[in-house]
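Those sequence lines, one after another, are chains E and X. Numbered according to numbering that gives the first Met the number 0, the first sequence spans residues 0 to 347. Numbered according to numbering that gives the first Met the number 0, the second sequence spans residues 0 to 429.
Honestly, I wouldn't trust all of these hints.
Said to hold, decoys possible - Once the Cα atoms are required to be at most 27 Å apart in a straight line, the calculated DSSO-like pairs of lysine-lysine come out as:
{"id": "1", "chain 1": "E", "residue 1": "Lys339", "chain 2": "E", "residue 2": "Lys202"}
{"id": "2", "chain 1": "E", "residue 1": "Lys308", "chain 2": "X", "residue 2": "Lys359"}
{"id": "3", "chain 1": "X", "residue 1": "Lys97", "chain 2": "X", "residue 2": "Lys50"}
{"id": "4", "chain 1": "E", "residue 1": "Lys202", "chain 2": "X", "residue 2": "Lys228"}
{"id": "5", "chain 1": "X", "residue 1": "Lys50", "chain 2": "X", "residue 2": "Lys71"}
{"id": "6", "chain 1": "X", "residue 1": "Lys114", "chain 2": "X", "residue 2": "Lys97"}
{"id": "7", "chain 1": "X", "residue 1": "Lys228", "chain 2": "E", "residue 2": "Lys339"}
{"id": "8", "chain 1": "E", "residue 1": "Lys216", "chain 2": "E", "residue 2": "Lys338"}
{"id": "9", "chain 1": "E", "residue 1": "Lys10", "chain 2": "E", "residue 2": "Lys339"}
{"id": "10", "chain 1": "X", "residue 1": "Lys279", "chain 2": "X", "residue 2": "Lys97"}
{"id": "11", "chain 1": "X", "residue 1": "Lys402", "chain 2": "X", "residue 2": "Lys279"}
{"id": "12", "chain 1": "X", "residue 1": "Lys228", "chain 2": "E", "residue 2": "Lys338"}
Stated by the list, open to error - Simulated DEER-style distance windows between Cβ atoms:
{"id": "13", "chain 1": "E", "residue 1": "Arg253", "chain 2": "X", "residue 2": "Thr65", "range": "20 to 30 Å"}
{"id": "14", "chain 1": "X", "residue 1": "Gln350", "chain 2": "E", "residue 2": "Ile125", "range": "42 to 52 Å"}
{"id": "15", "chain 1": "X", "residue 1": "Val416", "chain 2": "E", "residue 2": "Val285", "range": "38 to 48 Å"}
{"id": "16", "chain 1": "X", "residue 1": "Asp323", "chain 2": "E", "residue 2": "Arg212", "range": "33 to 43 Å"}
{"id": "17", "chain 1": "E", "residue 1": "Asp168", "chain 2": "X", "residue 2": "Ser262", "range": "32 to 42 Å"}
Unchecked claim - Residues on chain X that point at chain E, a partial pick, calculated with CB under 10 Å:
{"id": "18", "residue": "Ala67"}
{"id": "19", "residue": "Val186"}
{"id": "20", "residue": "Met235"}
{"id": "21", "residue": "Ala366"}
{"id": "22", "residue": "Phe403"}
{"id": "23", "residue": "Leu407"}
What the hints contain is simulated information worked out from the structure, not anything from laboratory work. Predicted, not measured: the structure shown is a model, and the values here were computed from it. Cβ coordinates follow ideal geometry from the N, Cα and C atoms, glycine included.
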Amino acid sequence: MNLFAEIDVGKLFGLALRTSIGVQAATFSLAAVGLNLHYGYTGLLNFGVVAIMAAGAYGMAIFFTQGWLGGSILLAIAGGLAFAVIIALSIGLPSLRLRADYLALTTIAIAEVLRISFRSQRLLDITGGPFGLPSIEDRNANVSFADVITVDWNPIGKGNYGAWFLEFDEKTLWVMIIGWSLVSLASLLIWGLMRSPWGRVIKAIREDEDAARALGKNVFSYKLQSLIIGGVIASLAGIVRAFDMGFVETQQFRPQTTFFIWTVLILGGAASIWGPIIGSMTFWFVIIFSEELLRQMVDSGWIPEAILKSNDIASVRMILMGIMLATLMIWRPQGLVGKKEEAQIDVR
Amino acid sequence: MGKRLKLVSSFIFLVLGLLLCLPVVANAQSDNELTIRGTVRVGRDVIPDVKILVTDAQNTEIGTFTTAEDGKWEIPIPGLGEYTVTLVGPLPEGVSVKEGATSQVVVNVEEYRSKAVGFQLTGEDKKPILEIRPTWERLLNRMVSGLKVGLLVALASIGLSLIFGVTGLVNFAHSEMVAFGAVIALVLESTTGLTGALFPIVILLAVIAGGGLGYGLEKGIFGPLRRRKMTNISLMVVSIGLAFLMRYMILIYHGAEPETFESFRIQGGVSLGPIELPAKDYFIIAISFTTLLLVGILLQRTKLGTSMRAVSDNPALAESSGIDVNRTIMWVWIFGSALASLGGTMIGLTQVVEWQMGEKILLLIFAAVTLGGLGTAFGAMVGGLAIGFASETSTFWLDNDLKFLIALAVMIVILLVRPRGILGVRERLG
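Pulled out of the complex, with its shape left as it was, chain E reads as follows (with noise of 0.2 Å):
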């Protein structure tokens, strides 16, 4: 049986590719640029990127359904940033002063935190408990907060456009350009910030701490202004999400978005204003090209069952995701575009 007969290769590039230009990879994009902000230049440790995504797009979905602030999605979204603001605050504040590998584990704690509480029964009647937003009712009726952004002011017409597997109806398109065009304001602004004075403090706290404490740099105060920079954009991140899935819940912010999040900007290049994007793009391309692969390979019978069902494919991503994080750290902590002295990170 030759294997190259019974693979479509078209459909294996074509769903690679569809992923890796599709709102997917442009919010891990997004969120990688905020933790590159964070990681990358400042050197914090933080683990709880999940929870700012999951501020600010609960924030918003929250501010708009409860009607608090008059129902406007743009009042909404900045009452998600707002939100996603003070939890970057509250990561920052008690756990700045911690070494890298507590800032770590509380910045991760902190993420369940917020998690657990959104998901608790308690909370239904405002975070929809388990549920998530909108509501039962609203999404059986097909009614959701994302309608204002994708129908009501969606400037592309109904249709399909593109072709090949790179077709995609009006909706998705637009949350695509406005993704994809937040990506590149952000990395603008980092690429900005990095070259001011403001961001050569920054990058000097990432070198040596108590250097630039001794040159009288207020370190505590800029790892909090980098936290809340990086904390705004990665919000973002988590509000287009929310957008393009047209509901949010509790089982999209579960610590491995994190570190998806994570092996994205380590497979671009943390410390580069490139990585980000090139991470995400070539993180969604070698996820779902291998996926398809093995999915066509199992379904042909190339592949046993008893080693690989079908239906555990989707569990092979996360495996992907583990070795490709290990074994980058292990061979290539710079990534693809990464400089490789920008690269090392070490806690005394």
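Chain E is fixed; fit chain X onto it per the hints.
Just chain X, lined up with the frame of chain E:
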């Protein structure tokens, strides 16, 4: 400056905490939501303190509820469809599921109305078998099971703390070592048929397998990487990758279905004075307690234990005084992983064995070692006991799903006011 900041951040946390408590106090419950509900009763008597679990058709947990004084429970569900309601227990002494009936009921919710579900239970001899117990007795029982959970978390945490002590690695894969132990024990039990009185052999084998896993990880991965002079932070990221690899390997090869040990299905309670627990809980408390005692003796009184503590204190000094540091680190991995495996098996005994158990216990373990002080075995014991006890006992007042919050809140507060933990001596500030 530092003091003021501490004050400000404490204040923010206080406010956030209060905000979280507000809805708890307000007890908002609307009438028109879709729920599955019922009352656990035997004849006319209602049964408090019984845990009910609802899962959907994909076996995802939808919610749990522990019945109150009136025996009533109610769990919201996301929509129409098929759900499985499980009576997790514990049932009071003399009460059991009626012959021919099961402790799992599958219901199909077809209309937007709350669905009532009942379990068929019987008591002995039709005599009135249950008086509602006084509150203090129920609190006492909750505290004893808190002690049990505390002992288990302590068992599972020691390895993480010891490994950090001798190598400086925060091992995110540690919780998967715990899950590994439980899964190996379950597989061993079902393939070898060593059930009931022979079950301790299974535990022993699982502990040996756990030790083997620790040996393999140090020999194959972390030892060589450490000699390549990789930084501890990079190694931590490697361990995160490893954790995902292990967790999803367990999912693929063990399956998504939660399972229980053949030898210990739902059991009736056994009374000891005012305390009433399933028989297996006494067994678990005894084993865990003895093991912790043994670990303490091993660390304090044996040569190996002394060298572990010495390497943990100062590797360079230990090396120059003739201790084989690499050999000691290897033993710490074997020993810590074996303990994690034992902890996992015990946790599997009290709850269920499933692929996600590592993810679920990870933060409890981290909270425990942070509270006790990373790097000290005795800190992990104290921290584990405290975290397990606090989170389990809190369910007496709070919702079941909030108990992790207690553990995490304790951890965050400790990092705020005493970053080195209760027994830690190392500098943690950066």
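Hint check results:
no.	hint	result
1	E/Lys339 / E/Lys202	15 Å, holds
2	E/Lys308 / X/Lys359	26 Å, holds
3	X/Lys97 / X/Lys50	18 Å, holds
4	E/Lys202 / X/Lys228	24 Å, holds
5	X/Lys50 / X/Lys71	11 Å, holds
6	X/Lys114 / X/Lys97	22 Å, holds
7	X/Lys228 / E/Lys339	15 Å, holds
8	E/Lys216 / E/Lys338	26 Å, holds
9	E/Lys10 / E/Lys339	36 Å, violated
10	X/Lys279 / X/Lys97	21 Å, holds
11	X/Lys402 / X/Lys279	23 Å, holds
12	X/Lys228 / E/Lys338	19 Å, holds
13	E/Arg253 / X/Thr65: 20 to 30 Å	24 Å, holds
14	X/Gln350 / E/Ile125: 42 to 52 Å	30 Å, violated
15	X/Val416 / E/Val285: 38 to 48 Å	45 Å, holds
16	X/Asp323 / E/Arg212: 33 to 43 Å	40 Å, holds
17	E/Asp168 / X/Ser262: 32 to 42 Å	55 Å, violated
18	Ala67	15 Å, violated
19	Val186	16 Å, violated
20	Met235	6 Å, holds
21	Ala366	7 Å, holds
22	Phe403	6 Å, holds
23	Leu407	5 Å, holds
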